[in-house]
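Trainee: Since each chain comes alone in its own frame, lean on the hints to assemble the complex.
So the sequence lines, in the order shown, correspond to chains A and B. All residue numbers for the first sequence refer to this note's numbering, where the first residue is 30 and numbers rise by one. All residue numbers for the second sequence refer to this note's numbering, where the first residue is 721 and numbers rise by one.
Derived by calculation from the structure, the hints in this document are not laboratory data.
Simulated coverage check for chain B against chain A, where a stretch passes if three residues somewhere in it have a Cβ under 8 Å from a Cβ of chain A:
1) 797 to 810
2) 821 to 833
Heads up, incomplete: computed chain B residues facing chain A, CB under 10 Å, no partners named:
3) Arg767
4) Asn770
5) Met772
6) Asn792
7) Arg793
8) His813
9) Arg814
10) Gln815
11) Val836
12) Gly837
13) Leu889
Glycine included, C-beta positions come from ideal geometry on N, C-alpha and C.
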Amino acid sequence: MNQPRIPLRKPTASSFALNLVLTGFLVLTVVGLFFLDSKKADVGQATLKALDDLRKMLFEPVMEHLNWTEAITQLGVTLGLSFLTTLFGAILALFLSFFAARNLGNVAIGNVLKAFVAVVRAVPTVLWVLIFAIGAGLGAVAAVVGMGFHTVGYLLKAYSESFEEIDSGVIEALKASGASWWQIVFQAVLPATLTALLSWTFIRFEINFTTAVAMGAAAGAGGIGFDLFMASSHYFNIREVGFLTWLILLTALVMEIIATRLREANRLQG
Amino acid sequence: MHQLKVVQLTKYYKQAQALAGLSFEVENGEFVAVIGRSGAGKSTLLRCINRMIEPTAGQVLFNGTDVRNLRNRDLRRLRTGIGMIFQHYNLVHRQTVLENVLHGRLGFKSDWDGIVGNYTHAEKQHALEIIAKLGLDQHTYSRCDTLSGGQKQRVGIARALVQDPQLILCDEPIASLDPSSAKVIMDHLRTICREMGITVIVNLHQVDVALKYSDRIMGVKAGTLVYDGKPDKLSKKLIHEIYGTETGDLIDE
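For reference, chain B alone in the conformation it holds in the complex (with noise of 0.2 Å):
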């Protein structure tokens, strides 16, 4: 069974369409990056994949369960199993970093425990190691706004860990990161998927970290996908269908 099974995804916003029937399988424990220009409907298909988005059409099934079919509860349960990193990171700024992390175990809690932030000792302790894997461990006490960019995206890293997850969907982790700190992001994630299994997704616009880093990729135009495959076989020319672009070189560094 794969772990990731998309059927015709299809998103429409009002009358614009997003995803136009999108369909791919994706392994435990594979690293997959998909490209496309901005508003190609990367960050929709990703957020179809844990239901942020409401799909319009089409069928997404991790682990053989239709997310589609999932209320409340059983969606809730769902999204522990698949952590989530954003570009802007998205931390609770006036709160510590083990705070921050901590609240990637909110989805296994009651609300009553959530509500007052009553953490097993169990849930600390894996949180302390997932942040001294990630060299944050001086920073454990520190307030997330103190931190630096690329600080503050190992934070999120750390928040998605401490799930326990077995997919990490990462929309544009990078993007607003110089490239120093992108490389120790990306280094991460690349060992995350390799020493954990963890099945991770994630967004890019850099095509060359795509190239560098992931096992496949998937080209994505227009809500279509127009390349699958291993990068050493995605040419200059498919770059350029990708991004609809004629010709002369892109911006890639």
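Same shape as in the complex, but just chain A (with noise of 0.2 Å):
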């Protein structure tokens, strides 16, 4: 009953590729585990007292050097970054990616244009800050530049391929029936793309509002993140960095909430 077993797919050149990859991944890191070099901690207590920090940082959170006002004022400066990122950046995308994607615009032309986003998303966001700090300064404007730089990238690659994705039959009709190329983005396009666009531009403000913490600490742009700096940096204070944490746990949670309760609604209504 010894039948040969019968592959479900042939194996190429890139599934070997694939598998040789994964392969040394696994090895590398059982090999990793031997050359640990612990020097004389104990690594046993060590866990220990990782553990026991983490359970006073989320169990035992208090406020020290800020009160409940001044923590949801600076809440409030990291979102209206996040925000204004989003929405400068949103802008921008949407226009130019009108003529990004293939099936609206010149081929050569959103070639350019993605070619050139590429190369705007392969730097990552907190080096397009300190680029722009060179500038503006360190600060919230240097944060607001690069990270709305970053987004047009993002969400320039998104909505192009968003509108990439609709049925071409329905450009044709409207072109058929004599419709010009604006009407036709705007009556066709928009409309069969909303809810993805909706979307991409909703998990953008999310990467944004972690990135606005980030910058908060790292490009001096003011807001939650910095005070969780001056929590953990200065002040060694590990409960005030789980009260931190905990309010921006929130926020994220409260955010994608109202997402998902607003994609629903434009899902029934349309």
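Mentor: What follows is the structure in structure tokens.
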């Protein structure tokens, strides 16, 4: 009863390479464990201490250097930062993505735009902020411009690919009835892709929120990130870090709920 | 003057020849069926008439003007006079029936009015009348993705009619429909032709439907016209020639 196994797909060069890489990672991970240099620390004790710190952070949060009003205000600053960058980025990206989408604009112009934003996206947001800080100085301005820049790169790709996925027949039908390019974009392309555009914009808003937290710490953009930086690196107060972490987590959760609700509402009403 | 006069129409896709010098005339109010195998050039022929596809050579005269000379605004004006109906309906699924029907008016509007969807009262009235005439008044405010295939195609017809066209081009309008919906659609097309005097040119796969509904049949094979005449003159032998089959019956219901 020993039947030969029937493979589901033919082995290819790329599947072989993938298996090779994954096996390599596995081997390196196992080997790496034997070369860990723990100095003279007792690994067991260190793990317990780390867990204890985590417990203090998450279950004994306190406010020491700021009060509720300040915390909420600073959270507002961070939210404002992410809102502004998403708004600016989305408007610019929407306008440019009409020209970048292969089924709407000139293919050559589209390729140039896509290549350009690929480069923009390849550089991390933090680096863009630091690059713009040369001109604007470290602070909120550099953060908004730098984060906005990366947002355009991200959303332009997302938007234009949403446009490319729409049924080409709809464009053909409106073109055949004599509609102009702008009319086709606003009467067919946008209504058909609205849910997708909203989703992408909200995902980017969430990304921008976490980035804005990091920018507060790394680029002096202010907001809750700066307080987090002060609590951890300046006051070494792990309980205050815990409080701020809870605040940020809850905000992210609320945003996620709002985003889901909006998407649902939009899907139902159309 | 013929409403539509096609002279030596030729189309190449790179090296491949799709249309090999077709010539014919269509009179006002005719119901013409174009039959032929898949890939014979039927769709290309239809789309060369309203310049959705750019012909390589030849002339297409619509009311005496050569459509190949038209640019931008003039081309758009030409297209407002020619409605088009598609196999896959090509509606915006997320919008209502009324919105989709009104899309047929976009070509008459300024860019801005079209962008914001600013339709006049008369246009809306006209659209509602057409929707009612096609028996869709129950669904005026339904989203198009809730409709059946036959209903979607009727929306497609309404969108073409709201243009007040002189000619309607139909590209396989019943190829995705069940027989009873297909009959409803073909009956509507014939009514449009008879009562409103609109010329209808329809690409069809189903020979029996073509024979039953049309005044005139054009058989296209490999980009050439192999038959052009009354349905009753079309012999079994000719049908087999058009479809490139040797003997036996074709599946035509």
